[in-house]
Amino acid sequence: MAKVYGAVTIDTNRCKGCDLCVVSCPADVLLLQPQEVNDRGYHYAYAANPEKCIGCAACATVCPDACIEVYRVVEK
Amino acid sequence: MTQEEIIRPENKVYSRPDLLCDVHTHYCPGCSHGVVHKIIAQVLDEMGVADRTIGIAPVGCAVFAYNYIDVDWIEAAHGRAPALATAANRLNPGRLVFTYQGDGDLSAIGTAETIHACNRGENIAIIFINNAIYGMTGGQMAPTTLLGMKTATTPYGRRADLNGYPLAITPLLAQLDGTCYVTRQAVHTPAAVNKAKRAIRKAFENALAGKGTSVVEVVATCNSGWKMTPAQSNQWMAEHMFEKYPLGDLKDVESKTK
Numbered sequence: 244m245a246k247v248y249g250a251v252t253i254d255t256n257r258c259k260g261c262d263l264c265v266v267s268c269p270a271d272v273l274l275l276q277p278q279e280v281n282d283r284g285y286h287y288a289y290a291a292n293p294e295k296c297i298g299c300a301a302c303a304t305v306c307p308d309a310c311i312e313v314y315r316v317v318e319k
Numbered sequence: 070m071t072q073e074e075i076i077r078p079e080n081k082v083y084s085r086p087d088l089l090c091d092v093h094t095h096y097c098p099g100c101s102h103g104v105v106h107k108i109i110a111q112v113l114d115e116m117g118v119a120d121r122t123i124g125i126a127p128v129g130c131a132v133f134a135y136n137y138i139d140v141d142w143i144e145a146a147h148g149r150a151p152a153l154a155t156a157a158n159r160l161n162p163g164r165l166v167f168t169y170q171g172d173g174d175l176s177a178i179g180t181a182e183t184i185h186a187c188n189r190g191e192n193i194a195i196i197f198i199n200n201a202i203y204g205m206t207g208g209q210m211a212p213t214t215l216l217g218m219k220t221a222t223t224p225y226g227r228r229a230d231l232n233g234y235p236l237a238i239t240p241l242l243a244q245l246d247g248t249c250y251v252t253r254q255a256v257h258t259p260a261a262v263n264k265a266k267r268a269i270r271k272a273f274e275n276a277l278a279g280k281g282t283s284v285v286e287v288v289a290t291c292n293s294g295w296k297m298t299p300a301q302s303n304q305w306m307a308e309h310m311f312e313k314y315p316l317g318d319l320k321d322v323e324s325k326t327k
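Heads up: the sequence lines are chains H and G, in that order. Heads up: the first sequence begins at 244 in the numbering used here, then just goes up one per residue. Heads up: the second sequence begins at 70 in the numbering used here, then just goes up one per residue.
Simulated from the structure, these hints should not be mistaken for lab results. Hints are supplied without guarantee of correctness; some may be wrong.
[Stated by the list, open to error] Within a straight-line C-alpha distance of at most 27 Å, the following computed DSS-like cross-link-like pairs (lysine-lysine) qualify:
{"id": "1", "chain 1": "G", "residue 1": "Lys81", "chain 2": "H", "residue 2": "Lys295"}
{"id": "2", "chain 1": "H", "residue 1": "Lys246", "chain 2": "G", "residue 2": "Lys219"}
{"id": "3", "chain 1": "G", "residue 1": "Lys313", "chain 2": "G", "residue 2": "Lys296"}
{"id": "4", "chain 1": "H", "residue 1": "Lys319", "chain 2": "G", "residue 2": "Lys81"}
{"id": "5", "chain 1": "G", "residue 1": "Lys313", "chain 2": "G", "residue 2": "Lys264"}
{"id": "6", "chain 1": "G", "residue 1": "Lys271", "chain 2": "G", "residue 2": "Lys219"}
{"id": "7", "chain 1": "H", "residue 1": "Lys295", "chain 2": "H", "residue 2": "Lys319"}
{"id": "8", "chain 1": "G", "residue 1": "Lys219", "chain 2": "G", "residue 2": "Lys313"}
{"id": "9", "chain 1": "G", "residue 1": "Lys81", "chain 2": "G", "residue 2": "Lys264"}
Build out the structure end to end from the sequences listed, making use of the hints.
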């Protein structure tokens, strides 16, 4: 069976920490930074469990600030 | 497979649309406007019509839309976007003209312009963001505010005897002969965003093909105005807003003729 590897890159300075990507992620990859903030004072999203990512792009689709880019590799 | 092996240009499946300007938007965290801006930019990118597109920006939270999407824009007086779009479209044949309006702009002060532009069947696309509140001015009651909904001017909830009933304007527009495509969408889940994107693409194609007025209502959230978190407001919208504003196509002239 084909195995899918995904990865996300997040423009942390553009992120406003709205949490929508975290809620929409079906694989529990993303979380908001509990302590760290970006230049504008938001607790930005980061890939807490990057190895779980399946590259479905659900997070990027709902991101209002278009700060998530998604990569996917399908290994046959 | 390591992260470095996956994060390569050839593996990219979702990127920021080129048409979105490299600026921070002024929208609150989690605002639906950002998502709709993004899908409009994606649709224009995919259709390859950015160089002959004219957007009409409203008054409201989306007033700065011209700073965020890299096409030509005209900023209309409050509610007058469909009238301006009429002029822009008639004077510039072959251009894609769309308006981007909120519920205060389209269904309150701009009701006359909206209804008459739709009734004339102007070849424009109208994107209508309905978040049931005046977000920009501090969360006052809008015509679309639901009964019982608390806003700055209805602190005990909207009452029908005092404030009247919520106005669902898209079904009104669907009755008019000038409209060719009237639909209601939302952007609260990935699937809904993709559906809304397809609807906006269809509206833009109709406008370019000269089929009449297309109206895409996007039921949206205003988490600041509603005093909720973005995730909570999406949930609240799904539970309460869709009852009064059910999603789906209200009118599609093309599908009838098939």
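Worksheet item: Okay, which hints does this one fail, numbers in order?
Response: Going through the list in order, the structure violates hints 2 and 6 and respects the others.
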